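Participant: Put together the whole structure using the sequences plus the hints.
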Amino acid sequence: MTQWNVILNIAKTHLVTKMKSTVTAALGVTFGIGAYITLVSFMTGLNAMLDDLILNQTPHIHLYNEIQPSEKQPVALYETFEGAFNVVHSVKPKLSQRKIHNALPILNYLKKDPEVKGATPQARAQIFYLSGSIELGGNLIGVDIMEEVRLSNFRDYIVEGSPEDLENLDNGILLGAGLADKMSLSVGDRVQISTVRGDIFPLKIVGFYQSGIAEIDNIQSYANLSTVQRILGEATNYITDINIKLFDLKKALPMSQILEKQFNITATDINTANAQFETGTDIRNLITYAVSITLLIVAGFGIYNILNMLIYEKMNDIAILKATGFSGKDVQLIFMSQAMIIGLVGGLMGLLIGFGLSVFIDRLPFDTEALPTIETFPVNFQLHFYVIGIVFALISTFIAGYLPSNKAKRIDPVRIIRGT
Amino acid sequence: MSPVLETKNINKYFRKPVDFHVLKNISFSVKKGEFASIMGKSGSGKSTLLYILSTMDTDYEGHLFLNSELVTGNSQQTLSKIRNEHIGFVFQFHYLLSEFTVLENVMLPARKLGAKTYQEIEKDAKEKLEMLNIGHLAVKRASRISGGEKQRVAIARALINNPTILMGDEPTGNLDSFNAENVFQIFKKLKEEQGLSLLVVTHDHDFAKRTDRIIEMEDGKIISHGSGTD
Chain A
20 MTQWNVILNI AKTHLVTKMK STVTAALGVT FGIGAYITLV SFMTGLNAML DDLILNQTPH
80 IHLYNEIQPS EKQPVALYET FEGAFNVVHS VKPKLSQRKI HNALPILNYL KKDPEVKGAT
140 PQARAQIFYL SGSIELGGNL IGVDIMEEVR LSNFRDYIVE GSPEDLENLD NGILLGAGLA
200 DKMSLSVGDR VQISTVRGDI FPLKIVGFYQ SGIAEIDNIQ SYANLSTVQR ILGEATNYIT
260 DINIKLFDLK KALPMSQILE KQFNITATDI NTANAQFETG TDIRNLITYA VSITLLIVAG
320 FGIYNILNML IYEKMNDIAI LKATGFSGKD VQLIFMSQAM IIGLVGGLMG LLIGFGLSVF
380 IDRLPFDTEA LPTIETFPVN FQLHFYVIGI VFALISTFIA GYLPSNKAKR IDPVRIIRGT
Chain B
563 MSPVLETKNI NKYFRKPVDF HVLKNISFSV KKGEFASIMG KSGSGKSTLL YILSTMDTDY
623 EGHLFLNSEL VTGNSQQTLS KIRNEHIGFV FQFHYLLSEF TVLENVMLPA RKLGAKTYQE
683 IEKDAKEKLE MLNIGHLAVK RASRISGGEK QRVAIARALI NNPTILMGDE PTGNLDSFNA
743 ENVFQIFKKL KEEQGLSLLV VTHDHDFAKR TDRIIEMEDG KIISHGSGTD
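Taken in order, these protein sequences are the chains called A and B. For any residue, its number in my numbering is found by taking its place in the first sequence, counting from 1, and adding 19. For any residue, its number in my numbering is found by taking its place in the second sequence, counting from 1, and adding 562.
Hints were generated in silico from the structure; no laboratory data involved. Where hints are given, some of them may not hold.
As the list claims (entries may be wrong) - Cut-off 25 Å, straight-line C-alpha distance, at most; resulting in silico cross-link-like pairs (DSS-like, lysine-lysine): (1) B/Lys643 x A/Lys348; (2) A/Lys428 x B/Lys643; (3) A/Lys426 x B/Lys643; (4) B/Lys751 x B/Lys783; (5) A/Lys31 x B/Lys678; (6) B/Lys702 x A/Lys39; (7) B/Lys702 x A/Lys31; (8) B/Lys702 x A/Lys37; (9) B/Lys578 x A/Lys428; (10) A/Lys31 x B/Lys685; (11) B/Lys688 x A/Lys31; (12) A/Lys31 x B/Lys594; (13) A/Lys426 x B/Lys578.
Here the structure is a predicted model, which means the values were calculated and not measured.
Facilitator: Here it is, written out as structure tokens:
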């Protein structure tokens, strides 16, 4: 039978009379947990921001026609050379069209699929931006702008103007921010573009687009799908890319494999396209946890030391408790509960400090040209970090308290009382 | 009258630093309401015997009975409970928990036993302190009272669970003659008024010869069981 109120009462008295040691031990845990919460919130916030930066611009599945050589070269069709060792020099890509064959039916099919959140058609064109006698090479992408806005955070990247402006103006263009700087253009101006074939079209600038990635902003602009098709002199079924957003990101890989076979087309899923970002995220998480665990181990040693010293000081008390009928287990529980109280109080303080620091970092201004939508440092507030934090604190104090308390459990009262 | 405490053929060996036969075939008993003392020279094994009787030392051969029930061979957990409930112990040094008040010290064993509510235990503890004329010390810290007072507090603590037997290991050994006399009178009063059994290890001849019975030990053997003076 365990009398918890007696045990906790004794533990409390020990902790209160040794206030300095208690506070030192608890502060160790506090700093460990506080650092963990701050680190993990900030790191995952950064991760999420970087992922957003890249991944939100990447469709879950991207369908397009790859320009590539035929796997089966014509020579293989000759019966005469069958079984011979054929060497083909200067292999050229197979002549095929840039556009996706049967794009409109595919689009309709995808839109009916219950797992697909949306599918947007795009027409990519190689163009030149004309500024006086200077020609700047670049891309013009024809999009269904309102669908893009619905499916991705495209709107965030439009730094001036709005998607509706583009939707409403047939020959409008959302110019890359880098290009606008280079050519000293502002919203409302006209920019002349030239296709590869040499046709020149004037387009009216309805807004600027800034993704934060300079290489894109310096070459890429957006226009309506029909505008690009007209510039290229193609029909309305001229679609070079289809971007698919799914409800469940995990289904991207199997679905891309099915689509590839079904439509005889190249399909890239998001994970394959961005494998390196996953790696970066993993490594940053690893660093966060390594640092936090190190801090907690240090805090654990602090608790271990203080409890050890306390037990040496309290040898007489332990003997007298055992002589008056407290069992070894009761004595162990007294010291264990001291460790756990230190862990709990230190841990909760750590959560508070971690939360405070996270809020502080979250308010710090973080102005960068590259990221137009970010104004402060990104911090990820998530309940499960706090749950992990307090569990961490309790586990480490449990281990740190267990060893000394086990020693206290085994102390032989006769030896202490007789003074041998 | 049935014995409250009985031993049969207790043998004990010290194995460190050398093999040594400390207790040799100890068999004796203490009757209910008896005030017995154990005397002997240093090293005669009297304290060792007392710690076996107190159930704290379990490394021995033979049998120990408390209230005619076999105690030997029980688990540490059970022995703790037996100590808590049936045995009161008073040491040469006072061994109070210095961070607690006198009242809390006295209450601890009863709170461990958990048979009564906090209020009842508090009332009991105050009664015990009053009985030993130290009621006014209740709220003081255990570290702030004198040696004689500490020993009386230790006695009050030993009595809080109304034990079957009170054991003392030189309870007056560290006290001046005034306080030693005081403690003796308390023991005598407990025996006479409450019929408590007492077993006290002592060096003090004057103390021992006023008890009911003197058990004399020498070289690990009982050389005289003594005879009851009443």
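Participant: So, for every hint listed, does it hold in this structure?
Facilitator: Status of each hint after checking the structure:
A threshold of 25 Å between alpha carbons decides the hint, and for B/Lys643 with A/Lys348 the separation of about 12 Å falls inside it, so the pair holds. Distance check on the hinted pair: A/Lys428 and B/Lys643 sit about 16 Å apart at the alpha-carbon level, within 25 Å; holds. Between A/Lys426 and B/Lys643, the direct Cα distance comes to roughly 21 Å. Compliance with the 25 Å bound is thereby established for this hinted pair. The suggested pairing of B/Lys751 with B/Lys783 is violated, with an alpha-carbon distance near 31 Å, which exceeds 25 Å.
Proposed proximity of A/Lys31 and B/Lys678 is supported: the alpha carbons are some 22 Å apart, at most 25 Å. Note on B/Lys702 and A/Lys39: the hinted pairing holds, with a Cα-Cα distance of about 23 Å set against a maximum of 25 Å. Our distance criterion of 25 Å between C-alpha atoms is met by B/Lys702 and A/Lys31, whose separation comes to about 18 Å. With a C-alpha separation of about 19 Å, the suggested pair B/Lys702 and A/Lys37 falls inside the 25 Å cut-off, and the hint holds.
Our distance criterion of 25 Å between C-alpha atoms is met by B/Lys578 and A/Lys428, whose separation comes to about 22 Å. The hinted pair formed by A/Lys31 and B/Lys685 meets the criterion: a straight-line CA distance of about 23 Å does not exceed 25 Å. As the CA atoms of B/Lys688 and A/Lys31 are separated by approximately 23 Å, the hinted pair is consistent with the 25 Å bound. Distance hint between A/Lys31 and B/Lys594 is unfulfilled; the C-alpha atoms sit about 40 Å from each other, more than 25 Å.
The straight-line distance between the Cα atoms of A/Lys426 and B/Lys578 is roughly 21 Å, inside the 25 Å bound, and the hint therefore holds.
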